[in-house]
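Trainee: Sequence:
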Amino acid sequence: MSVVRVVGVVAVLGAAVLVGLALAGRHLAGAPVLLVVSTVAACLAVAALAVQPWLTRRRVGVHVRVGGIITVLVVLHVVALLVEDPDDALYSMSPDGPTRARMALIATLLLGVVTLLGVLRRRLRWSPATWRFVHGSLAALVVVLGVGHALLIQGALDGWGTPVLLTLGGLGAVGAVVRLVRVLRAPPPPGDATPPDGGRVRSGDGLRG
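Those letters in the sequence shown? Residues 1 to 209, by UniProt numbering.
If you're looking for bench data, these hints aren't it; they were derived computationally from the structure.
Just so you know, not all the hints are guaranteed correct.
Said to hold, decoys possible - Cβ pair distances, simulated, as ranges: (1) Val36 / Pro187: 49 to 59 angstroms; (2) Arg123 / Ala29: 41 to 51 angstroms; (3) Gly68 / Val36: 19 to 29 angstroms; (4) Pro32 / Leu152: 17 to 27 angstroms; (5) Val83 / Ser127: 35 to 45 angstroms; (6) Arg5 / Phe133: 20 to 30 angstroms; (7) Leu13 / Val177: 19 to 29 angstroms; (8) Val113 / Arg182: 20 to 30 angstroms; (9) Tyr91 / Arg122: 34 to 44 angstroms; (10) Arg5 / Leu124: 25 to 35 angstroms; (11) Arg185 / Gly159: 39 to 49 angstroms.
Positions of the beta carbon are idealized from the N, C-alpha and C atoms, including for glycine.
All chains, full assembly: derive it from the sequences and hints.
Mentor: Put into structure tokens, the structure is as follows:
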């Protein structure tokens, strides 16, 4: 079994455990439907973030689809909170809000940037290596900040949810680092290679017919 499949299985199991813990916990007992929807969306988003960095190269199509699913889940998570309690949600996302909320806000903004980079990739005049490095670096920050936000929330995922979140966050972070290392180690395209002499014209070369 490949590493990607193992990570995928762990992510699916992690999502099931997180959703089960959230729904069975006292925090959501009798809670409004929108709060339940927001929590479940967050659990699924964290699990998807764990496997997303590993879906590259030959799995670009799946990588794009999973990225779209993550974006939808995060938007659903935020919108449900805004509709349920607008004042509390807006305060949490303000500069005076708690650290965990600011982490979520930054992660959401970065996720938007990562999504735009994916949509505009062909229009940006960046080299493939530059695009992959920027895209991968921002995605790594999304994983770290998103999982950190979930860990700092005191509520539905306390207790057994903590090691599951750490495992999923670790998988996502390792996947992002592995991807960045591959980008940095990849040889430059033939047209971008610099000659050993730095491209300088040697004396006499210009006199040859």
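Trainee: When you take the CB atoms of Gly68 and Val36, is the distance between them in 19 to 29 angstroms?
Mentor: 23 angstroms, holds
Trainee: Please check whether Arg5 and Phe133 have a Cβ separation lying inside 20 to 30 angstroms.
Mentor: The hint (20 to 30 angstroms, Cβ to Cβ) holds, given that Arg5 and Phe133 are roughly 26 angstroms apart.
Trainee: Could one say that the CB atoms of Val113 and Arg182 fall in the range 20 to 30 angstroms?
Mentor: About 21 angstroms separates the Cβ atoms of Val113 and Arg182, which means 20 to 30 angstroms holds.
Trainee: Taking 39 to 49 angstroms as the stated bounds, is the beta-carbon spacing between Arg185 and Gly159 within them?
Mentor: 41 angstroms, holds
Trainee: Can you tell me whether the CB distance of Val36 to Pro187 sits inside 49 to 59 angstroms?
Mentor: 50 angstroms, holds
Trainee: Given a hinted range of 25 to 35 angstroms, is it respected by the beta-carbon distance of Arg5 and Leu124?
Mentor: 32 angstroms, holds
Trainee: CB of Leu13 to CB of Val177, is that within 19 to 29 angstroms?
Mentor: 23 angstroms, holds
Trainee: State, for the Cβ atoms of Tyr91 and Arg122, whether the hinted interval 34 to 44 angstroms holds or is violated.
Mentor: 40 angstroms, holds
Trainee: Between Val83 and Ser127, is the Cβ distance one that fits in 35 to 45 angstroms?
Mentor: For Ser127 against Val83, whose Cβ atoms are near 43 angstroms apart, the range 35 to 45 angstroms holds.
Trainee: Between Arg123 and Ala29, does the C-beta distance stay in 41 to 51 angstroms?
Mentor: 49 angstroms, holds
Trainee: Evaluate the given range 17 to 27 angstroms for the C-beta pair formed by Pro32 and Leu152.
Mentor: 22 angstroms, holds
Checked against the numbered hints given earlier, the structure satisfies every one of them.
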